[in-house]
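Visitor: All chains, full assembly: derive it from the sequences and hints.
Protein chains in written order, with the numbering used here: chain E, -15 to 398; chain U, 3 to 168.
These are computed hints drawn from the structure, not numbers from a lab. You can trust all of the hints, since none of them are fake.
No farther apart than 16 Å at their CA atoms in a straight line, the calculated lysine to aspartate or glutamate pairs in the EDC-like style are these:
1. K46(U) to E63(E)
2. K121(E) to E128(U)
3. K278(E) to E322(E)
4. K43(U) to E66(U)
Partner residues aside, some chain E positions facing chain U, computed with beta carbon under 8 Å:
5. S42
6. L43
7. S45
8. P60
9. I64
10. V72
11. Q105
All C-beta atoms in this analysis are idealised placements derived from N, C-alpha and C, irrespective of residue type, glycine included.
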Amino acid sequence: MSKSHNALLEYQQKYLNQWCQFVLFDHNGNILVSNNSFADLHGYYGTSIYQLNFFLESLQSVIETLEATQNELFFPRMEIPFGEKIGVFDYTIKRIEEDEIYYIWIVEDNTAHNQYLSLVQQERNDTYIENELLQLKTQNQILQEEVEKQTADIQEQKRLIEKQKDDILDSIRYAQRIQQAILPTDKMLEGVIFQTFIFYMPKDIVSGDFYWARKVGSKSVIAVADCTGHGVPGAFMSLVGQNMLERILIEQNLFYPKSILESLDRQMFQLFQNDNRVHDGMDITVVIIDDEQKTITYAGAKRPLYFVRDANFQEIKGAPFAIGGHHLAQGKNFTEFELKIQPNDAFYLFSDGYADQFGGAEDRKFMIRNFKNLLLKIHHLPVAVQQEVLKENLLIWKGDCKQTDDILVVGLKF
Amino acid sequence: MQSISKKVVLVGNFGVGKTSLTRRFVFQKFADEYLTTLGVKIDKKIMSLPDLQVNLIIWDIAGEVSQTKVPKSYYLGANGIIYVFDLTRPSTFKHISEDLDYIQQLLPNIPYILAGNKKDLLSEDELKNTISGLPLPCEYLTSAKTGECVEEIFQDLTKKMTNRSA
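Guide: If you want it as structure tokens, here you go:
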């Protein structure tokens, strides 16, 4: 014990100018002696220091492995009351090896110095946190303003686009009026020997499908055409087509479907020959009905003529090439067919829109086969009823599907 | 019942709420006022597992921007680490990976837990944004103020330190 006392005295001398508590304990943790500066530990002599103090309890394994070479541990700024003394202490644990191994726990009270340090640190931390939060707030504000600006820009762009869309739609609606005005009226076929229906359902506001009719003397010329594309480009082509047909009939006096198609093809070729970017054209059916001769003459460019006679469905196929497009005018040879008209004959001129309409339970095309069957089923009905059945059937088939293409069916019933 | 002691060290940037989490866990108390920790505060709480009593000795150490500035002696004998960051301050979670690498060099093979604190200060959307920007996945989003997930982080760490699942 005297050796441990000596060791204690030696450290007391060393730390003479400071107010320290020294606690000497053995390798089992038993308190041997203390100078009792901050607390009187006499009552704990011989008991385990590890049971008395959280700090040492958590370091027992570390203390026990201190070696002669690395024999000192330093723990600055421990904010743990020592006994009843509250403060900020610096701890040193030192291994002393004499005859036996001892450990000395030196508790230095640096509260006054640390209090100043604490103030400085508190201010530093407060300022740092305040600045960081302020910076974040500013960044968020800038971001918010940027988002608001971009939102406003997008709204403005949206408003502009909507206005442009409205303007375009207004133009197209006006174009629709022009297109409808150009289409033939009932008056054009007044006094003919047959009844007609026209089922006309453009995909968009204006259409690439068109029908055209003129009566000159005893002859009625009727055409049904399907121009390339639909919507506005289709509508432009339809105007071109109608204008050409008008010229063919009035200026050229051509009353043969084959000649009409050939003339149309020539004009179309000439019209676009200077611009190789335009490959547009049209599929077309032309019939001429002669009231006196009771004949119907037909020629088609990629469009057939259907007719039902004595409850038999019949088809005359058109030429395999369209008007205009890629083909050179010189290479096309259209064929003409003439039939004697019989009572109750029903003829049908049409674009491909009806048969190509998607719908039904499996979302597939209506198909030519079903279209033919439908015409056969309704051919004997009055023309107005036929038109209504075609419309109802199409709407049921289409359901919620979008319309695939422009649709046009013209029926002639004798 | 067997009783053992485990040293748990709370680390992380200053002002993230290490002292508040400890106070909430040990004393079920919370104060809004921020008082900086100068060095180390130590508290103790007993955790009871089915067949074991664990004396958690919690070292709440002063926060630093980088963990390399913390005196190495504070880490001696540690059995588990809770790395705390502030969900409202990105600077406190920017260097998590580097800090954890450093700590794992000092204390290889000891379990650690990541705790994103001050959850109560963020809205759901802000929280979602913050989580997506974290450099590492964070298991626990805590609030020392409301007590959310505070008990859970210490329980989970205790289980990890004692290799017990319940």
